[in-house]
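Novice: All chains should be modelled from the sequences, with the hints used to inform the complete structure.
Chains A and B are the protein sequences, given in the same order. The letter at position 375 of the first sequence is residue 374 when you use numbering that gives the first Met the number 0, and the numbering goes up by one with no holes. The letter at position 480 of the second sequence is residue 479 when you use numbering that gives the first Met the number 0, and the numbering goes up by one with no holes.
There's no promise every hint is true.
[What the hints assert, rightly or not] Beta-carbon label-pair distances, calculated as ranges: (1) A434/A <-> I30/B: 26 to 32 Å; (2) R78/B <-> A5/A: 51 to 57 Å; (3) R411/A <-> I423/B: 26 to 32 Å; (4) L447/A <-> F473/B: 35 to 41 Å; (5) A180/A <-> F61/B: 57 to 63 Å; (6) F82/B <-> T73/A: 25 to 31 Å; (7) V478/B <-> A6/A: 44 to 50 Å; (8) L447/A <-> R78/B: 34 to 40 Å.
[Stated by the list, open to error] With a straight-line Cα cutoff of 25 Å, these simulated DSS-like cross-link-like pairs (lysine-lysine) come out: (9) K74/A <-> K182/B; (10) K182/B <-> K245/A; (11) K183/B <-> K54/A; (12) K54/A <-> K318/A; (13) K112/A <-> K318/A; (14) K177/A <-> K245/A; (15) K54/A <-> K112/A.
FYI, nobody ran anything at the bench for these hints, they're computed from the structure. Even glycine gets a Cβ: it sits at the ideal position worked out from N, Cα and C.
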Amino acid sequence: MKLFFAACVIGLGLLSAALYWTQADREGDVPVITWITQNDENKRAIVDAFHQWIKDEQLPPVELRIDNTNQDPTKKLVQGVSGVGADLLDLYMYEQDLFPATGMIADITEDAKRLGFTPDATYPALRGDLVVLGRQHSFPRNAGGTLYWVNRETFAKYGLPAPPWRWNSDEFEALGRKFVAAANPPGARQRIYFANGVSRDVLRRGLGLSTFNETGTFCTLDDPRNVSVLARVRRWVLEDRLFPTKEEDAAMAADITGYGSMFSHFTSGRFAMIYTGHWGFIMIRPRGVFQLAAVEPPQDGFPNTEMGGGSVAIYVGTKQREHALRFLQFLTSDPFNRLIVRQADSLPPVPRYAETEEFLHPAGRENEWGVHGAFAHSGRETGILYSRSPFVLFSQTFRIEIETYEAMIAGRLTPAEAAKQMADRINTEIRLTIARNERLRTLYEERLELQRRIEERRAGGRPVPAAWVTDAFHLAYYRAHGWLEEETKP
Amino acid sequence: MRSGRSQTRRLLTGLGFLLPNILGFLAFTLIPLALSFAMAFTDMDFFRHNPFRDEPIRFVGFENFAWLFGHPEFWHYLRNTFFLMLGLPFAIAGSLGAALLLTRVGRRPGLIPGALALATLVLTGSLLALRAGGMSEAGVWFVFGLTAVTALVAGVFTGGTIYRTLFYLPHFTSGVATFVLWKKLYNPQTGPINHALDPVLDGVTNVIRAAPGWFGVGLPLLAGVAGTLLAGWQLRRLRQHWDDATAGQVAVGFGAAMVMLPAGFLLFWLGLSTGLAAGFALGAAAILTILIVRRPRRWGPVCPVDTGLSAEIALALGLVPLLLLGAAGVTLGPALPAVAVTGIEPPNWLGDYSWAKPAIMLMALWAAIGSNNMILYLAGLSSIPPELYEAADMDGASPTQRFWHVTWPQLAPVTFFIFVMGIIHGLQGGFEMARVMTLGGPAGSTTTLSYFIYIEGFETGRLGYASAAAWVLFALVFVLSLLNFRFGNRGTND
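Specialist: Now the structure itself:
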């Protein structure tokens with residue numbers, strides 16, 4: 000038995016050594032960098048294009064490999080803070096401030112200047128995603144706003160006009176009611192909806208309200224404007240039935256692609272419109288040829304669209320930093336941007352490629368021509384990033400907003416109670432953060448002082464220095480209204 | 000000397016064999032446990048304390064606990080956890096029922112196969128009727144039907160072994176796989192559960208439409224009278240047991256609370272706030288308990304405070320659902336005619352705030368029936384001395400009396416163990432289900448303490464705070480286990 004035990008130990012030891020010595024990056028002389036992203040056809044094409052670009056530019060050879068098994072945000076985060084992250088990490092939405100906050104994302108400010116992928120190389124609206132507390136941490140591999148995709152055939156089928164490019168909430172509601180009434184026989188269970196949903200953030204912003212104040216020191220969702228938005232959305236969902244509830248939407252999901260049944264219902268006519276990004280082409284093109292258009296979400300006053308995208312960051316513990324930086328440089332290259340144009344995976348990161356004929360009017364796809372330009376316009380003119388505060392994780396803000404909204408839809412809270420609860424819970428999280436984090440507490444105090452000065456100036460009708468306003472929405476709103484010093488004194 | 004060396008060598012050899020396990024225990028249990036205890040008193044946060052940040056970890060005393068208790072969501076999620084645990088008695092009853100059935104299959108081959116054959120016929124007939132009635136998704140139904148029929152027929156011919164295997168199936172099927180399966184079963188539009196409910200509810204709708212007055216007035220009245228009579232019977236029974244010294248103070252309190260719990264639900268459904276409804280239920284239960292236990296006993300005998308508790312728990316399994324049905328009849332009845340006008344829709348199981356928790360409880364019940372509990376009960380049943388049954392038979396005991404006076408008391412140690420383990424698992428549970436099926440929603444209705452700990456620890460990064468929550472959970476488990484040991488019925492002579 001003892002011998003058997005010893006043999007097991009030795010055997011396991013040998014196998015472990017064999018496994019270690021046969022790891023992917025030990026096979027050859029070419030260094031390997033790993034990129035955590037989806038392993039799909041488009042990403043594999045990007046990898047091939049990167050390898051070709053390295054050759055063409057006569058840069059030191061490197062092999063880029065996709066790791067799609069560790070895509071889960073929590074997995075990425077826990078691996079990263081444990082010191083075993085991948086060289087390149089895709090960052091989406093709330094990860095843009097979450098990951099840099101841990102210190103696991105490399106500061107690439109100086110390298111970006113050296114290699115030419117500073118925030119100036121992409122859409123100005125994306126700046127807040129790439130630069131956290133004054134330092135650049137990532138560069139986008141795609142970008143874009145979110146708009147309503149319109150299936151014009153669905154509207155025509157019920158004898159209704161297609162929606163206009165820009166509309167307010169009342170116009171949206173009126174057309175929506177007409178559509179739902181025309182598309183669903185009275186007395187039967189509703190099967191056809193006006194759209195899959197609506198952005199509460201866009202509606203709030205249209206009224207001049209953001210999730211946070213100008214400096215991110217306080218959540219402002221208890222504002223009466225949010226109450227009116229919540230009440231309206233509740234009416235659209237529960238009374239007018241313009242959209243399915245989240246539960247009905249989930250119930251209609253017959254596929255498991257991760258996007259629910261949104262695209263199949265859009266192409267089959269069960270949703271007249273869907274609210275999503277330009278990348279939707281990847282899902283819609285294989286389903287056939289449809290007469291498409293894209294329109295802005297409804298808003299009452301300030302035109303805005305939600306802007307975002309996927310960016311790539313470098314793990315601070317990487318042993319292949321220079322090669323990883325080359326990949327970020329590749330994202331600004333002609334081959335990469337033209338590849339994104341062909342794939343139609345959102346807007347290419349370099350804006351001028353979104354103005355090319357190849358992007359706006361792809362040959363043989365005349366039915367799509369009304370869509371590409373709309374998204375390019377959104378990225379250029381109206382796109383604004385999600386509002387974020389350094390004092391509360393965006394993931395928490397997001398979760399609290401959704402949870403409270405769902406409680407309102409379930410009838411457990413009134414719109415006023417929901418709005419108050421959103422603000423109270425988010426502000427509690429801010430207090431918890433600054434109570435513990437000395438560095439952020441100092442920043443918070445500085446920002447509180449700035450906030451006081453902003454309010455003082457606004458009360459006196461005077462413009463405010465742009466550097467004081469950190470909230471993406473407020474910056475755009477102030478700029479549009481000429482309330483920034485840089486705008487009034489160029 | 001030689002013997003000492005030999006002993007040392009044997010000791011070292013033994014330790015060598017144990018070392019992998021000891022190392023695993025140290026690395027994955029003991030050290031993390033100690034670390035988490037220490038972390039609960041620090042401000043550890045992986046946004047500030049990781050290999051790339053050199054901020055010092057500060058000792059914060061009980062601050063994390065103070066924050067936790069001041070966090071309204073913590074109480075919300077704690078309530079969710081306790082609510083989901085309400086299914087525990089049903090799970091115990093289910094696994095006991097399964098064990099009894101499986102024991103009987105082997106023990107009484109003449110009667111049970113006949114019953115199974117009848118059930119097979121009924122099931123087959125039902126399936127054919129459903130099909131003839133224009134049931135869609137016929138393929139799905141035939142698969143289910145065939146599986147059930149095969150199981151029943153096989154059970155008839157093989158005695159019980161195949162049943163034991165089938166009943167135990169949920170336990171050795173991967174949790175995530177079963178959750179995904181149930182998610183599909185619960186799908187309101189494409190799931191087979193709602194497909195089965197649709198025609199039934201259509202029928203109910205037609206009946207209500209035909210006699211709206213009866214349902215609007217008659218049903219609530221009938222449910223109210225039946226519920227009151229049942230509650231009165233239980234209170235009278237409690238008084239009698241107290242007088243006879245066959246129920247102690249704890250048993251009386253529990254029995255009264257079981258009557259008042261549905262009353263609390265009734266008030267809640269009628270629009271009273273949760274706090275007031277719960278306050279009424281608890282207050283009324285306390286008053287009733289005091290009124291009963293202040294009565295002088297007939298012969299003045301004394302009994303321990305927990306006497307008769309297990310009987311009350313067993314009774315509650317049947318009584319509470321009946322009283323809840325009565326309360327539901329009172330509140331739902333008046334609304335039924337209006338609902339029937341537009342048709343009664345089957346529930347949106349996982350999507351509706353009010354249905355999500357019961358849906359998860361139902362799934363947990365299914366899993367619990369065929370779990371280790373059933374195996375424990377099977378073992379417990381096989382160890383009951385047959386002479387006890389023979390004696391009961393000679394005394395002319397009916398099957399019900401055999402169960403209550405022989406089987407149930409003899410199974411008390413097993414039930415106690417299952418109950419303690421159930422409480423522990425119940426408090427710690429809910430994470431996988433929430434993560435896979437609902438992500439804690441809708442509106443946090445299925446977020447349990449364990450999922451809250453996961454969110455705070457791994458999504459928000461507050462490891463110290465999450466550790467504090469984990470230790471509060473431990474304290475709850477500990478206290479409830481102590482109460483179980485103090486008041487639970489561990490012996491076979493109760």
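Novice: Work down the list of hints and note, for each, if the structure agrees.
Specialist: Comparing the hints with the structure gives:
Taken as a hint, the range 26 to 32 Å holds for the pair A434/A and I30/B, whose Cβ atoms sit roughly 29 Å apart. In this structure the supplied range 51 to 57 Å holds for R78/B paired with A5/A, their Cβ-Cβ distance being about 55 Å. A beta carbon spacing of about 31 Å between R411/A and I423/B agrees with the range 26 to 32 Å that was offered as a hint. For L447/A paired with F473/B, a C-beta distance near 39 Å keeps the hint of 35 to 41 Å intact.
Judged by the Cβ atoms, the range 57 to 63 Å given for A180/A and F61/B holds: they are separated by roughly 60 Å. The supplied range of 25 to 31 Å is met by F82/B and T73/A, whose beta-carbon atoms lie about 26 Å from each other. The hinted range of 44 to 50 Å is satisfied by V478/B and A6/A, whose Cβ atoms lie roughly 49 Å apart. At about 36 Å, the beta-carbon gap between L447/A and R78/B stays in the expected band of 34 to 40 Å.
About 24 Å separates the Cα atoms of K74/A and K182/B, which keeps this hinted pair within 25 Å; it holds. Straight-line distance between C-alpha atoms of K182/B and K245/A comes to about 15 Å, which keeps the hinted pair within the 25 Å bound. For the suggested pair K183/B and K54/A, the alpha carbons sit about 49 Å apart, so the restraint of at most 25 Å is broken. For the given pair, K54/A sits about 21 Å from K318/A by alpha-carbon distance, which is consistent with the 25 Å threshold.
Proximity of K112/A to K318/A is assessed by CA-CA distance (about 21 Å); at most 25 Å being required, the pair is judged to hold. Taking the CA atoms of K177/A and K245/A, the gap is near 22 Å; set against the 25 Å cutoff, the hint holds. A distance of roughly 23 Å separates the Cα atoms of K54/A and K112/A; the hinted pair therefore holds under the 25 Å criterion.
This entry does not satisfy hint 11, going by the numbered hints stated previously; all others are met.
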